[in-house]
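Peer 1: Chains as they are written, first to last, in the working numbering: chain A, 1087 to 1269; chain B, 1087 to 1269; chain C, 1087 to 1269; chain D, 1087 to 1269.
All the pointers check out, no bait thrown in.
If several chains are the same, the list does not tell them apart, and a pair holds so long as it fits within one copy or across any two.
Capping the alpha-carbon separation at 30 Å, the derived lysine-lysine pairs in BS3-like fashion look like this:
1) 1139 - 1208
2) 1254 - 1151
3) 1212 - 1234
4) 1237 - 1212
5) 1151 - 1204
To be clear, the hints were calculated from the coordinates, so they are not data collected in a lab.
Protein chains: 4
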Amino acid sequence: MNSRHILVTLALAGTGGLASATVVNQSITEAEVLAAQRGWCQALVDISQTFEKSGQPAAKALAEKVIDGAYGYQMGAVLFKPTLTVAPQTFRTTRAGALAYFVGGDSNFPKDTGFALKGWTKCESKNAAVFIAGDSASTMGNVMITGKDGKVTTVDKTWKFVKDDAGKLRIVLHHSSLPFTGS
Amino acid sequence: MNSRHILVTLALAGTGGLASATVVNQSITEAEVLAAQRGWCQALVDISQTFEKSGQPAAKALAEKVIDGAYGYQMGAVLFKPTLTVAPQTFRTTRAGALAYFVGGDSNFPKDTGFALKGWTKCESKNAAVFIAGDSASTMGNVMITGKDGKVTTVDKTWKFVKDDAGKLRIVLHHSSLPFTGS
Amino acid sequence: MNSRHILVTLALAGTGGLASATVVNQSITEAEVLAAQRGWCQALVDISQTFEKSGQPAAKALAEKVIDGAYGYQMGAVLFKPTLTVAPQTFRTTRAGALAYFVGGDSNFPKDTGFALKGWTKCESKNAAVFIAGDSASTMGNVMITGKDGKVTTVDKTWKFVKDDAGKLRIVLHHSSLPFTGS
Amino acid sequence: MNSRHILVTLALAGTGGLASATVVNQSITEAEVLAAQRGWCQALVDISQTFEKSGQPAAKALAEKVIDGAYGYQMGAVLFKPTLTVAPQTFRTTRAGALAYFVGGDSNFPKDTGFALKGWTKCESKNAAVFIAGDSASTMGNVMITGKDGKVTTVDKTWKFVKDDAGKLRIVLHHSSLPFTGS
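The shape of chain A in the complex, shown without the other chains (with noise of 0.2 Å):
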């Protein structure tokens, strides 16, 4: 068993031989959808952080880790659309993808320069609405992410969220982008 799940035995009076019963929830909870929100975007600093001190091989490293930690790409694709991509590169549904959107480096994606290496100091996410239903659970916002320079870029960004058999949420479909200006 794992932290996947909720595993409670109450005790019942005068049950005889049924004296407890095992209750297991793996239901998605608000606070699971809320905690993994602040990983992601304390793992867009993380890499940030570790590029400014360590250099872009040991951020592809951790950015390696993060997304096989986080995302559902082992689950055969995953829905991804980054703020900063563009046609024909603009949908990111394999590993190879997200790794170059987040680091760059990778000749197969020419235009990448690698999002997360940006100085980015600060991550904070606001969301519009939170839907949790079946297996999954979406979530609707902002998230507001803070550069070197203290300017804050904020863009509108949609997850959903699986929990897998280890008790993992892990992204299986992201959406992000610039907010329409209106020009």
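Since the structure of chain A is provided, determine the placement of chains B, C and D on it from the hints.
Peer 2: Relative to the frame of chain A, chains B, C and D by itself:
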């Protein structure tokens, strides 16, 4: 919107235009499962009492209401193995088969004498285990029903519930059996 | 029973009393997803054409019908980030917000001029990826819409669909954005 | 990626940079359900044959492998009511309880003599109904098992399966009972 939805609007300080998060959570809770089990038990006693007081047609009318409100036959089928059915009509995957089991009087199910008409005065459920995951909640344990003479009949019972669009739990699987006695 | 259910009764030779198996399969199919996407596109063009021919009130009446039939607002909220909304009304988690976006005319959403009233003549969806799992299906890709002047606007679009009790796919998440242009 | 995923890449004519759609479909199919049922039956016969040829320790080792591969005990609990268990140990929500039921030899379950050691030579499943929805598939029907003497024992059986991260169906609910005989 309806009772399905635990809808919470959280005031978030300092979020400017994004002043609150709408949270919709459709996950099935253990409390909902226990309430549905109590509801099933109460319905069994109610049908019995209605039969005693008002006869089979009234009991049948109530049973139809109970089946339509608590089971999922409108979804196409229910996996229902009642306690006392015999081959070749053991499994009651249709509404008509369930109704015949509970109140009898259907020539298509000639061996049915009406399980819910047997004067039950009390019914209790004791779970060995409750498992909530994805879009369903399943339970396994005993149900103890008390007859007019005070004798308690214990059955082994498994239920699977899903939540319908109106937020109501519905039984989509129900396997009931007399305990094996070792002989 | 309704269109939700792929219900198959298989004749099994030699099974005696258990002569057939009822099969109910509520899984979302890729064909259903593609049909729902085509339906969304057609509705956009239909609202535009209705506006041209019959004016805003008629277009609004049609848009209400489309929203009520194709989105999941009755579930409590929809995670909807339309292409052209601006802060602080970027996210349209309510039915009123969606309607205002499509046909304007709502003083509570003063910047909305009616996206569906812009004379669209054609709409096509091209998926980068489709992911079906559990109780939902998600898609990510481009939607190309053609204006009166023949100019094609391409947007990056993510949808998540669930199947309601009547067997109809409903949009519960919709994130649309103009492509990042690199500038 | 693994066997879980029906992954299809569709060539789409004339889509320019978006030349293909990745389709991942994790829905449980009826064919997978039938294969899992055949697998359970085969495992029962295999354990019996292993016991005949190689004794209880070998049969136990195989049973452990079968339980770990086909049931979901690692998820926290399985709702398992075997055919022949008696109170107060009717329900086998733990791996140890399942193993004791199949091969005996566990002093914590003194009444277990090893259901899978009884010389079964054949096992067949005939469904009354199969219901696939959300993240699970459920079946209800008969299983017919043939003993050394050629005598066939028929049981009423309900299974609920979910798909694990590796794409394998696992039994999370199993209720088996001898048919009510009307006496």
